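K.L.:
The lines below spell out each chain.
There are 2 protein chains.
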Amino acid sequence: MPTITPPFEQFAGKHVLITGGLGFIGANLARRLVALEANVLLLDSLIPEYGGNLFNVVDIRDQVRVNIADMRDEHGLRYLVQGQDYIFNLAGQVSHIDSMQNPYTDLEINARSQLSLLEACRHGNPDVSIIFASTRQFYGRAQYLPVDERHPIQPVDVNGINKLAGEWYHIVYHHAHGLKTVALRLTNTYGPRMRIKDARQTFIGWWLRLLVEGKPLTIYGDGLQVRDFNHVDDVVDAMLMAALSHAANGQIYNLGSDDPINLLNLAQLMIEICGTGRYEMLPFPEERKRIDIGDFYGDYRKIRSKLGWRPKVSLRAGLAQTIAYYQEHLPHYL
Amino acid sequence: MPTITPPFEQFAGKHVLITGGLGFIGANLARRLVALEANVLLLDSLIPEYGGNLFNVVDIRDQVRVNIADMRDEHGLRYLVQGQDYIFNLAGQVSHIDSMQNPYTDLEINARSQLSLLEACRHGNPDVSIIFASTRQFYGRAQYLPVDERHPIQPVDVNGINKLAGEWYHIVYHHAHGLKTVALRLTNTYGPRMRIKDARQTFIGWWLRLLVEGKPLTIYGDGLQVRDFNHVDDVVDAMLMAALSHAANGQIYNLGSDDPINLLNLAQLMIEICGTGRYEMLPFPEERKRIDIGDFYGDYRKIRSKLGWRPKVSLRAGLAQTIAYYQEHLPHYL
Chain A
-4 MPTITPPFEQ FAGKHVLITG GLGFIGANLA RRLVALEANV LLLDSLIPEY
46 GGNLFNVVDI RDQVRVNIAD MRDEHGLRYL VQGQDYIFNL AGQVSHIDSM
96 QNPYTDLEIN ARSQLSLLEA CRHGNPDVSI IFASTRQFYG RAQYLPVDER
146 HPIQPVDVNG INKLAGEWYH IVYHHAHGLK TVALRLTNTY GPRMRIKDAR
196 QTFIGWWLRL LVEGKPLTIY GDGLQVRDFN HVDDVVDAML MAALSHAANG
246 QIYNLGSDDP INLLNLAQLM IEICGTGRYE MLPFPEERKR IDIGDFYGDY
296 RKIRSKLGWR PKVSLRAGLA QTIAYYQEHL PHYL
Chain B
-4 MPTITPPFEQ FAGKHVLITG GLGFIGANLA RRLVALEANV LLLDSLIPEY
46 GGNLFNVVDI RDQVRVNIAD MRDEHGLRYL VQGQDYIFNL AGQVSHIDSM
96 QNPYTDLEIN ARSQLSLLEA CRHGNPDVSI IFASTRQFYG RAQYLPVDER
146 HPIQPVDVNG INKLAGEWYH IVYHHAHGLK TVALRLTNTY GPRMRIKDAR
196 QTFIGWWLRL LVEGKPLTIY GDGLQVRDFN HVDDVVDAML MAALSHAANG
246 QIYNLGSDDP INLLNLAQLM IEICGTGRYE MLPFPEERKR IDIGDFYGDY
296 RKIRSKLGWR PKVSLRAGLA QTIAYYQEHL PHYL
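Protein chains in written order, with this note's numbering: chain A, -4 to 329; chain B, -4 to 329.
Since the hints were derived computationally from the structure, they do not count as laboratory data. Since the model is a prediction, treat every value here as computed from it, not as a measurement. Every residue, glycine too, gets a C-beta built ideally from N, C-alpha and C. Treat the hints with care, as some may be off.
Unchecked claim - Pair by pair, the computed Cβ-Cβ distance ranges are:
id, chain 1, residue 1, chain 2, residue 2, range
1, B, Asp254, A, Gln138, 27 to 37 Å
2, B, Val53, A, Glu69, 19 to 29 Å
3, A, Gly78, B, His241, 51 to 61 Å
Stated by the list, open to error - Selected chain B positions facing chain A (Cβ under 8 Å, derived; list incomplete):
id, residue
4, Val53
5, Leu102
6, Ile148
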C-alpha cells in the first residue's frame, strides 16, 4: 500500500477546523496547514487554565480565522463544522488531577462535547474527516512493554475514562453512522508552544520553565520511570497522514518513539543541552503517587506499517529547539 | 477462602438503597432484602419508557420506602445516600437504539449520574458498599468464547461506551478515593417483573409478551446466534454475595450461565414450555444489524472461584416460572 508522505499538498485550498486550535498541538498544526495553503479555522475556549494562548499564532494571525467558543457550546459547534473538509479535534481537558477534583467539568469537555461535535457532523457535515487527538493514558499501568493498541484498557483516573469515551464515540460514529473518523493515541508530546505555566498538565512543560528560569527540575521518586516522547512536528505529521488516508477510517493508532528514556536521564539531558541547570529528587506527593503508572512506552508499529508514519525528530534535537524557543519567548507563557 | 452463601442474614437491619429499585432486577432484589429484614429504600424515576413499575413491589409496598427521583438529580442523590450501608446501583438507560438516537440522554443517565452517585458517597457516605450493575455488552463482538473479563473492550454503540464509563468511575473511585465498589457485568437477565412492553430493551421480554398474547415470536436472521441467560434470582444472589465480600472491592465480575442457547432453540423452548405458540423468521432490520454482535456467552469463572457464585436456576425452570408470572399478571406490564 502506498503511504502518504509530506509535503501534503493535498491540503491546499481545503477547509480545516482545529478544535483547541490555540493550544500547543493545535497551533503547531495550524502553522503547518497555513504553509500548505489550507483555509484554517481555529476554535478555542481560551480557558485560562488550559493550553490556549493567542501568542501561539501571533505570526500567522492574519492567515487563520480564530473563533473563541467553548466545545461545550453545542450550538456554536453545529455552525462551525459546516463546510469543513477536515476537523482536527484536539480540544480537551488534560489534567489528571483536575479530573479527580472536578469530575463533571472533565466529563462535559472530554466526553459530552465530543458527542456534540460528532452529532453536529452527522447531521450537518457527514462527509468531513475527523482526526481525534486521543491519549495513551487509559492503558493505565503497562502490563507489557512496549504497549500496543491491543493492550488492555485500564483508566486510572476520571480523565482517562472520559477521554476514552470521547475516543470511542468517534469510532462508533464511524461504524454506526459512516463518519470518517480516526483516533491517534498520543504519548507525551513536547515542543514549542506547549503550556509551561505550571505542572497541572505535563511535567515536561513544567521542567522547561524551571530550566529556562534557572530553577532546579523536580523529580518525584527515584526518577527511574521510563517514558516516551514525541516532538510536536512528528505528531503533526501523524495527524496529516491520518487525515489523508482512507485506510485510517475507524482506526485507532498509537504514536510513540524509538528512544524511551527515564526521567532522571531526561532531566540530565535537558540540563546538558541547556548548558546549565540542576535537579532535585523529592518524595512522591500522595495525590500523584496514587495515579502514577510506572514505566510506559508505546508500540507504534501499527501506524508505521499502515500509514508509514515514524518519528523523525530526535529527542536531543527536539529539546534543543524547544529550550531555545522558551529562552526567547518565556514571558508569553507565564 | 470461605465464600459467602445464602441465606445472607447479614442484611438484617441494614440500610439499603436500590437505584432503579422499581425496575426488573431492583424489585426482585428488594423482595429478597425485605425477606432478609433489611431497611430498603427504592429510588426510581418511573420514566415511562424505562423499566420502573410500581406493580413490581405491590405486595411489599408497606415494607419498603419508595422515593421517586431521577438519577440525574444530584442534589436528591446527595441526601438519599446518607446513612446507607449498601447501595445497589441499578438505574440506567438500557436501550441500544435509544442511545444512538439520543446520545445525550444516555450520557446523562449512564455516565454523569454515576459520577453524581459516587461523588455523593465520597463526600457524604464514604463507608458505604456500592454494587454496580454493569453489562457484558461493551465486549462487543466476541473475539473468543466464552468471554472472560480480560476480553478486549469494544463498545458497538453509545450506550456501551457510557455504561463502561459508569462502571469505570466506580472502579476508579475505589482505587483513588477508597470507596467500596464492585461491578457485575450482567448478561441477558430474565424473570418475573421484567419489562415486556416493547422490544426497546430486551428481546426476551418482548418474546414473553408475544408468547403470552398468543402472537408469533419474531426471530431476526437465521436465529442461530447463541446467547446466555441468567434468571433474576441468580443475579440477585450474585449481588448480595458481592456486597458482603471484602475481596470484591474494586473488582469486576462477569455473570454467565452453563447452558448458552441459540435464539431459534430458545423460541422453540419457550413455545414448548408454554404449550402453545409459534415463531416467524424475519430479515434483520438495518438498524439492528449494524449493532448486532453475533454469538455471545460469558465466562463466569472469576466470580465462581472468588465469591462462590454460580447460577442455580435452569433455563427451563426459570422460563416456566416467568411465563406463568406473565400469564397471571400480563395487564400490569402493558
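K.L.:
Compare the structure with each hint and give your call.
P.N.:
Cross-check of the supplied hints:
A hinted range of 27 to 37 Å for the beta carbons of Asp254 of chain B and Gln138 of chain A is consistent with their spacing of about 33 Å. For Val53 of chain B and Glu69 of chain A, the hinted distance range of 19 to 29 Å is not satisfied, since their beta carbons lie about 42 Å from each other. Remark: the range hint 51 to 61 Å for Gly78 of chain A to His241 of chain B is upheld by a beta-carbon distance near 58 Å. Among the interface hints, the one on Val53 of chain B is violated; its C-beta lies about 37 Å from the nearest C-beta in chain A, farther than the 8 Å criterion.
With a least beta-carbon distance of about 6 Å to chain A, the hint placing Leu102 of chain B at the interface is held under the 8 Å criterion. Taking 8 Å as the C-beta contact cut-off toward chain A, the hint placing Ile148 of chain B at the interface holds, the least distance being around 5 Å.
Comparing the model with each numbered hint stated earlier shows that hints 2 and 4 do not hold.
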